[in-house]
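K.L.:
Kindly produce the complete structure, drawing on both the sequences and the hints.
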Amino acid sequence: MNESYKDNGYFDLSVLLQGNDLNIRRLAEIQPSLTVDEYFELLREFLAQSPDTSSALRKVASAEADDMRYWRSIEAMITLMKRLECETCVDALFAISHARGKGDWRAAAFHATKMLEDFNGLHSRIMAAKRTGSADVQPDGATTLKEYVAHLNDEAAEIKMPQAAPSVAPEKAVHKPLILAVDDSLDILAALEFVLRDKFRVHKLPRPTLLKNVLQQVTPDLFLLDYKMPELSGFDLVPIIRSFEKHKYTPIIFLTSEGTASNVSTAIALGASDFVVKPIDPDALRQKIAKYLRA
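672 is the number that my numbering gives the last residue of the sequence shown; the numbers go up by one with no jumps.
Errors might be hidden in some of the hints.
Result set (DSBU-like, lysine-lysine): computed pairs, CA atoms no more than 35 Å apart in a straight line [said to hold, decoys possible]: (1) K459 x K605; (2) K623 x K665; (3) K581 x K436; (4) K436 x K523; (5) K581 x K479; (6) K459 x K625; (7) K668 x K625; (8) K507 x K479; (9) K605 x K436; (10) K436 x K668; (11) K665 x K507; (12) K581 x K553.
If you are wondering where the hints come from, they were derived from the structure by calculation, not from laboratory data. As the structure is a computational prediction, the values presented were derived from the model and not from experiment.
P.N.:
Have a look at this one:
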């Protein structure tokens, strides 16, 4: 095992290959000598830089980014996204930088607002794929990314082959608590489902306006609500949830990129139980949920 994995862990590429925001296959083709170790280092570099970039995007979105360090953070992330072949991210971040260069602060704020949720979603997906497993499940860091992707594709093909029927009756299914996650970002919903799927069932709802209809069909044990959404905010959803007798006391955790004291106190006053600040740390999220649910 490569020594660099001992403290930093590795990343489950099979998870990252399921999304469209990381062009792993393209990167593997155009840089055939790039090793798994080198690619994982790029991902660790992204995780190290992303809090500053997320903060910069929030400042630009609120037209407060007059400090050069915010723009340096965005420019540095553009460079890193180019190295990772994330063309969509590069284009979106460049649009912000280009608008700023022209002095069009309104356009910069518009592009930053659009980019923020997608960027936080990408961060959450990469964090969800981060692992610190034992040596027998670690990939060889000297293997090229191209070889490892081909290996994963071969494994996926084998899994899809017809399997013989089991000779032993399956164990009785264990009930998992149900979490209803409401967020207009499909990437964040996918990341939440992956992070929590070991111990919980996750019902994903990208359209908050459908909440009342959904609650007539499912009975969640806990709610994860995005604070800021275009149709209805998380604040708007709390009274809807509490209007159901069976959900008078169901735990509600807010997901917010604006964890200010005023927002938190408002959420608590409305009936929320807790909050988690974006970009989401999977371990912190699990710890918050564990306060209210036993998996």
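K.L.:
Would you mind marking each hint as holding or not holding in the structure?
P.N.:
How the hints compare with the structure:
1. K459 x K605: 29 Å, holds
2. K623 x K665: Roughly 22 Å separates the two Cα atoms, so the pair holds.
3. K581 x K436: 29 Å, holds
4. K436 x K523: 38 Å, violated
5. K581 x K479: Not OK: K581 and K479 at ~40 Å, beyond 35 Å, violated.
6. K459 x K625: Roughly 48 Å between the alpha carbons, so the hint for K459 and K625 is violated.
7. K668 x K625: Distance ~18 Å between K668 and K625 Cα, so the pair holds.
8. K507 x K479: Since the Cα atoms of K507 and K479 sit roughly 39 Å apart, the hinted pair is violated (cutoff 35 Å).
9. K605 x K436: At roughly 15 Å apart (the allowed maximum being 35 Å), K436 and K605 satisfy the hint.
10. K436 x K668: 32 Å, holds
11. K665 x K507: 19 Å, holds
12. K581 x K553: At roughly 15 Å apart (the allowed maximum being 35 Å), K553 and K581 satisfy the hint.
Comparing the model with each earlier hint shows violations of hints 4, 5, 6 and 8; every other hint is respected.
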